[in-house]
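J.: Spelled out from the first residue to the last, the chains are:
Number of protein chains: 2
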Amino acid sequence: MTRKIPVKTLHRFSMIYCCLLESLAAGVSRISSRILGSQLGSTADSIRKEINYLGEVGDVGSGYDVAKLAGRISDVCGFEKRRTVAIAGLGKVGSALLENPEFENAGFDIVAGFDSNTNILETLTSKVPLYPASELTDWVKKLNIEIGIIAVPPSAAADCAARFVAGGVSGLVNFSSTTVAVAQKGIIVRNLDMICELRFINSLMTANQKA
Amino acid sequence: MTRKIPVKTLHRFSMIYCCLLESLAAGVSRISSRILGSQLGSTADSIRKEINYLGEVGDVGSGYDVAKLAGRISDVCGFEKRRTVAIAGLGKVGSALLENPEFENAGFDIVAGFDSNTNILETLTSKVPLYPASELTDWVKKLNIEIGIIAVPPSAAADCAARFVAGGVSGLVNFSSTTVAVAQKGIIVRNLDMICELRFINSLMTANQKA
Chain A
1 MTRKIPVKTL
11 HRFSMIYCCL
21 LESLAAGVSR
31 ISSRILGSQL
41 GSTADSIRKE
51 INYLGEVGDV
61 GSGYDVAKLA
71 GRISDVCGFE
81 KRRTVAIAGL
91 GKVGSALLEN
101 PEFENAGFDI
111 VAGFDSNTNI
121 LETLTSKVPL
131 YPASELTDWV
141 KKLNIEIGII
151 AVPPSAAADC
161 AARFVAGGVS
171 GLVNFSSTTV
181 AVAQKGIIVR
191 NLDMICELRF
201 INSLMTANQK
211 A
Chain B
1 MTRKIPVKTL
11 HRFSMIYCCL
21 LESLAAGVSR
31 ISSRILGSQL
41 GSTADSIRKE
51 INYLGEVGDV
61 GSGYDVAKLA
71 GRISDVCGFE
81 KRRTVAIAGL
91 GKVGSALLEN
101 PEFENAGFDI
111 VAGFDSNTNI
121 LETLTSKVPL
131 YPASELTDWV
141 KKLNIEIGII
151 AVPPSAAADC
161 AARFVAGGVS
171 GLVNFSSTTV
181 AVAQKGIIVR
191 NLDMICELRF
201 INSLMTANQK
211 A
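Protein chains in written order, with the working numbering: chain A, 1 to 211; chain B, 1 to 211.
Worth double-checking, as some hints may not be accurate.
No copy labels: a pair is met if it fits in one copy or bridges any two.
[Said to hold, decoys possible] Derived BS3-like pairs: lysine-lysine, alpha-carbon spacing no greater than 27 Å straight-line:
#1 81 to 4
#2 127 to 141
#3 81 to 8
#4 185 to 4
#5 210 to 68
Simulated from the structure, these hints should not be mistaken for lab results.
Just so it is clear, the structure is predicted and the values come from calculations on it, not from any experiment.
Bound-form chain A, shown alone (with noise of 0.2 Å):
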């Protein structure tokens, strides 16, 4: 049985997977704590007592094994549940999303694709359904969509947000250069804002420069 994992240690487990699973694509079948903690900028304590949560997993004095670790993770998380996704925007950022086959691989069915503009709709080419925006509320329903990814331009950001909520998903993940919120509780909302992140690079840079 495993304790109630705090939010913070589910984000670090999704990191950790992916480690691991690069870990095992790369032929490597035991990891220290130090190595996973130096790959998420983290520490070996940290990392072990993260991965406590998820009660027995092996000698922690040779190192995790990796399969069987990256295996309770999945179980834990459920990372063996398919989602359904459907993406919304499909300019330069959102089409190339549409694309990717590692969402298939990570278990995420992209479902369908939204945008407001006809011309793309006509012409852009992909074996996922493109609808209007203007739909993309009653398509969540019907097609049970359980995440949105919002790759829209800033201004439209809010607004697809709440048609995505109004169908009823779960999740959201924005990759709009704003910040969306979600007011109703339950639902998972995932800010990825380059400019953003670059602002943050920009004050350690300060912080460091002035220590």
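With chain A held as given, fit chain B onto it using these hints.
T.: Quick look at chain B alone, frame taken from chain A:
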């Protein structure tokens, strides 16, 4: 005078700053810690604690003066300092980033693009100078590039990061769907991994469904 600011708080400042700029653009002149908290998925209390690191920024009772708080964060974090940026990997995502005017608006000058595909270098039209990936380290040195953006395929990400680091960058933003780690101290790496974020949402959905 301000106290030494924890790295986590610096990251929050860049997020708070994004919210403040959006509020200003929307004509909002005062904002409460509660509103900021709800926009950032945090509590009013934790927002106030973070803002306390900035010293005197105005009356909390009536909310913060948006422009003044943004200015104070910018001063403390050094956001007025422009930084030079290069993008490696000019596929759909990388080339979309090249043309994004928000970088320049936010103080980040994209001064070079790199790709290993000669065909892309010859056919892509951009006001940003483009160079072969084999010359990346040399150009990073010559142009004093401070931040590298990695938009290459996952298999090329580690090598790309190493070239940026050899050239002397201070920070990396990694957009390839893989984790990049850098052993050198003082170099900041931000991994923006879409698949990792989707898995995190999956794990939260799983946890909510169990609860």
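J.: All hints are to be evaluated individually against the structure, with a verdict given for each.
T.: Tested hints:
{"no.": "1", "hint": "81 to 4", "verdict": "within (20 Å within a copy, 44 Å between copies)"}
{"no.": "2", "hint": "127 to 141", "verdict": "within (21 Å within a copy, 43 Å between copies)"}
{"no.": "3", "hint": "81 to 8", "verdict": "within (21 Å within a copy, 32 Å between copies)"}
{"no.": "4", "hint": "185 to 4", "verdict": "within (19 Å within a copy, 35 Å between copies)"}
{"no.": "5", "hint": "210 to 68", "verdict": "between (45 Å within a copy, 23 Å between copies)"}
Violated hints: none; the structure is consistent with every hint.
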